[in-house]
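Enquirer: Residues per chain are reported as follows:
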Amino acid sequence: MSRPTVELDFFGLEKENAARLRAMEPKSSIRGIQSAISRIDPQLLKSVFAGGAGSAVFRPSAPVGESSRLVLSPPPSPLPVLSPASSKTGNESPPGTAPLTIFYQGMVTVFDLPQDKAEAIIKLAEDVNRVSQQEGLLEKFNEDLPMARKKSLQRFFEKRKERLTALGPYEGEVEVRKEKTRKVAAATDVVTASNF
Amino acid sequence: MSVERRERATKFRADVYFFFNYYFPRRGPAAALDWIQRPLPSSEKGCLRRLLIWCSPLVDILLRDLVLILGSTAGGASRRRLGEMERQSLNRVMSLGISDLALECVMGYIDDPRDREAVSLVCRKWYRIDAITRKHITIAICYSASPDRLRRRFPRLESLKLKGKPRAAMFNLIPEDWGGYAGPWVCEIADAFNCLKAVHFRRMIVQDADIGVLVKARGHMLQALKLDKCSGFSTDGLLLVARSCRCLRTLFLEESSVTENDGEWLHELAVNNSVLETLNFYMTELRISPQELELLARNCRSLISLKISECDVSDLVGFFRTATALEEFGGGSFNDQAGEINRYERVCFPPRLCCLGLSYMGMNEMHIIFPFAASLKKLDLQYTFLSTEDHCQLIQRCPNLEILEVRNVIGDRGLEVVAQTCKKLRRLRIERGDDEQGPEDEQGRVSQIGLSSLARGCPELEYIAVYVSDITNAALESVGTFSKNLCDFRLVLLDREEMITELPLDNGVHALLRGCTKLRRFAFYLRPGGLSDVGLGYIGENSNNIRWMLLGNVGESDLGLLQLARGCPSLQKLELRSCCFSERALALAVMQLPSLRYLWVQGYKASPTGKDLLAMARPFWNIEFIPPRQDIGDHEFEDRRGGVESQAQILAYYSLAGRRTDCPETVIPLYPPA
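In order, the protein sequences belong to chains A and U. Here my numbering is used: the first residue of the first sequence is 1, the next is one more, and so on. Here my numbering is used: the first residue of the second sequence is 1, the next is one more, and so on.
For the record, the hints were derived by calculation from the structure and aren't laboratory data. Model, not experiment: these values are computed from the prediction. Check each hint, because a few of them may be wrong.
Stated by the list, open to error - Taking lysine-lysine pairs in the DSSO-like style, the calculated list, with each CA pair at most 27 Å apart, reads:
#1 U:K484 to U:K518
#2 U:K163 to A:K151
#3 U:K378 to A:K159
Using the sequences and the hints given, assemble the complete structure.
Expert: See the structure below:
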């Protein structure tokens, strides 16, 4: 089935989280999520979100190839539970906690967590992300460690530069020699030119 | 304890036992005496044999005579025959054994630390006597022992050398606050070391207060004070030294960072001291006036070595005239002013001067050296403004040169001149020039050509350190063939040229190590592809005597490191930089190298947690980690030099003092656990 059969917008994807998700994971597969959800038994889904509890894990019948990224969508407010039945059955989240939904390699997990715990999990995921980026950088650097210079010589070169810039252009040692070689070169040019 | 040490100790014990229980009783006192009186070989074994001889009970009686005999040359000057009465007392004493006093006298003649080690392992008595007669100790990394332990082990120490920061600190790779504080050591010295006359701190943090404590307790006896590449003190500390240490013969401050509060210290030194022989504040920013130097020369008639910070050489005319005993001078500066061409013509160097290094000297002033260039034994041109041609002109006048230090501006042409002229050359250092925008001089490149000529021309070479721009296997083979006296070889392949004539250098390094059997220190810094794993294996197989190694950009995989670690039986200190080895391989290598006591690594396959490093955890082995700086990402393309210091480092060393307690934030001790 190419078209998603479930048309209910459980997570307000099109509206609220679409923008957030796009910001976090621009290439991420909203379509993928939708297709994952589309394979979920709607009854099961309904009951879980009605209960709004614990860690119910879904496994779609067919694996979703696209999104194996960890997508966290912490809702600042509770998820919009669309089934009117849920609000009635009243298995609501414990006070002070909110559902945290995790999409990972075709699995959807929901947890009821207080704000700080949710933030901790998100930070952990971000850290892992950053470390693996850094590893790449470290490898690059490991291959490219520039040769270090000896302190004493480095100081000498800096002082030499200072002395050369302090003196005028025709007074420094190196400058004089460069001048000489330039003059010699110019003279030879003249000679060769005069042959013609 | 390494295998080699154990074997030496066992053999020594066997020798001693043999002498007492077989040779002496069987051959009798006369034969033994005769054996003792024979001239001794000067080889290393001779030292042990001397000890053997000294331990004979005859020493008690013949103490004075034996001192005379052994004090004379191997040609054997005074031979003394025992009279009958002495032979009788000899027999009597034989049964009583050796006296401690005799042993003490004996051990005083043994200087080599490895022989001393062997001696101390024979038995408890000998251990004690070695302990109280040991004169000098070098502690290669100050955190490997505690000051208290040193005091208990060698209470009568006369000379102490301590090293703090890793060698990489000379290349700006170690954070300034890494550690190496002299404080705790100075306190112990002040408390307990009543015989200490010479102190040498290298790459350590020494504060004015520490100097204060030291000179208050030992100032009246201190003969040598060396604050070598140290930091943390000011001229106030120097003032204390100048006022309190009247018998100071050596004051060495080279390359230390000294805060300048005033210039009085030199004046005080000149006024309070009359026995100074060596004064060195080369490569410091200390400001002094030439008049004070002249005063020093007047008061210290034995001054033979002076190396100073910047001070115009034309102002030193008075000093040079006064310091008639001077043999070594370094530093100063030249300031060519337009219109004062003859400014340095008046400079006349002391007659015995044979070691020279003049900072900022250029082509126009070079000729002031010519009159005595032929008597120069040591020449330092690292901080001059000379071109390749200038080097050629100068060096061809120095046939007696033994030590030469230059930058690679000397070029292959200059090395050719060295090879033809300096036949007595023992030490040559060729440093890296300022090649930020290409070489300093068009000819300022050293390559396989120069290296080969050098090896062929200077057979006495013991130390070669060179930054090359190009290299071949044949050049290294030449070194292996001709430089048979080489003890220290360091080669760095610069990274400016894209194409190197011949890489990898497996065969070359193989030949070099096979040929230079006396090599004890070895550095090989290349580029990826410079040495294969096979080459590393060659190094491992052929480094029997090498104690220190620096390897950079060598090998292709972990296998190479493991092959290296299978050999290198004497390797005590290993520095690795910019290699591709994993933590696991590093740990394995450490566990395999039998003599390794110190490891420094920067640039390796780091893991996020570093847990593979703990595979090398073992008792008494400290493992420290300097993590990379967090802002690596920001500087990725902009400031690459910032990336150098920021790379992670591993430092591991044997320690009897346990975990460091004074680590800054930048140093993380991984093992032992707190």
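Enquirer: State the violated hints by number, sorted upward, taking the hints as numbered earlier in the document.
Expert: Hints that this structure does not satisfy do not exist here, as all of them hold.
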